[in-house]
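**Student:** Model the full structure from these sequences, guided by the hints.
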Amino acid sequence: EAQVTQNPRYLITVTGKKLTVTCSQNMNHEYMSWYRQDPGLGLRQIYYSMNVEVTDKGDVPEGYKVSRKEKRNFPLILESPSPNQTSLYFCASRLSGANYGYTFGSGTRLTVV
Amino acid sequence: DAKTTQPNSMESNEEEPVHLPCNHSTISGTDYIHWYRQLPSQGPEYVIHGLTSNVNNRMASLAIAEDRKSSTLILHRATLRDAAVYYCILMAGGTSYGKLTFGQGTILTVHP
Numbered sequence: 001e002a003q004v005t006q007n008p009r010y011l012i013t014v015t016g017k018k019l020t021v022t023c024s025q026n027m028n029h030e031y032m033s034w035y036r037q038d039p040g041l042g043l044r045q046i047y048y049s050m051n052v053e054v055t056d057k058g059d060v061p062e063g064y065k066v067s068r069k070e071k072r073n074f075p076l077i078l079e080s081p082s083p084n085q086t087s088l089y090f091c092a093s094r095l096s097g098a099n100y101g102y103t104f105g106s107g108t109r110l111t112v113v
Numbered sequence: 114d115a116k117t118t119q120p121n122s123m124e125s126n127e128e129e130p131v132h133l134p135c136n137h138s139t140i141s142g143t144d145y146i147h148w149y150r151q152l153p154s155q156g157p158e159y160v161i162h163g164l165t166s167n168v169n170n171r172m173a174s175l176a177i178a179e180d181r182k183s184s185t186l187i188l189h190r191a192t193l194r195d196a197a198v199y200y201c202i203l204m205a206g207g208t209s210y211g212k213l214t215f216g217q218g219t220i221l222t223v224h225p
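Chains as they are written, first to last, in this note's numbering: chain A, 1 to 113; chain B, 114 to 225.
You may find that some hints are simply not true.
Unchecked claim - For each label pair, taking beta carbons as the anchor points, the in silico distance ranges come out as:
1. A:Gly16 x B:Pro130: 44 to 54 Å
2. B:Glu158 x A:Val113: 29 to 39 Å
3. A:Val14 x B:Ile187: 45 to 55 Å
4. B:Ile220 x A:Thr5: 27 to 37 Å
5. A:Ser96 x B:Gly142: 17 to 27 Å
6. B:Ser122 x A:Thr86: 18 to 28 Å
7. A:Ser82 x B:Leu193: 23 to 33 Å
8. B:Glu129 x A:Asp56: 24 to 34 Å
To be clear, the hints were calculated from the coordinates, so they are not data collected in a lab. A quick note: this is a predicted structure, and the numbers were derived from the prediction, not measured. We put the beta carbon where it would ideally sit given N, CA and C, even for glycine.
**Tutor:** Laid out in structure tokens, this is it:
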């Protein structure tokens, strides 16, 4: 089944403890992206990648890192998580070109205490 | 990014058609009009997109105004499973990245 898989689905962690949220897609998509969703603020883009080794900042990149070493994987790294990074995170992917829609993962709910 | 304007909420009865409007008066010639929906506790789901002509798929229809400054997502027979937040988004065409900038969307309530 064509899908975007995020892990973990739920995570509670403590301030400052490095963590990685994984994202993998099996559709050979070039574009991948990370979003966070917060009440009242909607979905905001964190980082995106247009292909292997090509990444760029979205609207809210502070406190996050990404890498794209393989086409299928696009992990989101929080080097030193803080409580304001408590959020619902979504990974998405699509083929290149504007004539394609994004496929989103099921989300990762992160709580930083 | 070009901006879209949608009503905050709409209501419908089950098995009736629903027309969800979207205004995008600053759309550029290469912007595609995309619609996504987000069901409770799920990630956004692609619904439909178009450039100039009206589009149909198994989920919905998209009617695009001749001047492209507005569009309407049409659900032909609403079901309770269509209750969701619907987002109208402009995606830049050409060789650009095609970033999706989400607005607040329209909350659709479907009554049995």
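**Student:** Taking the earlier hints as the rules, which of them does this structure contradict?
**Tutor:** Of the numbered hints, 7, 8 do not hold.
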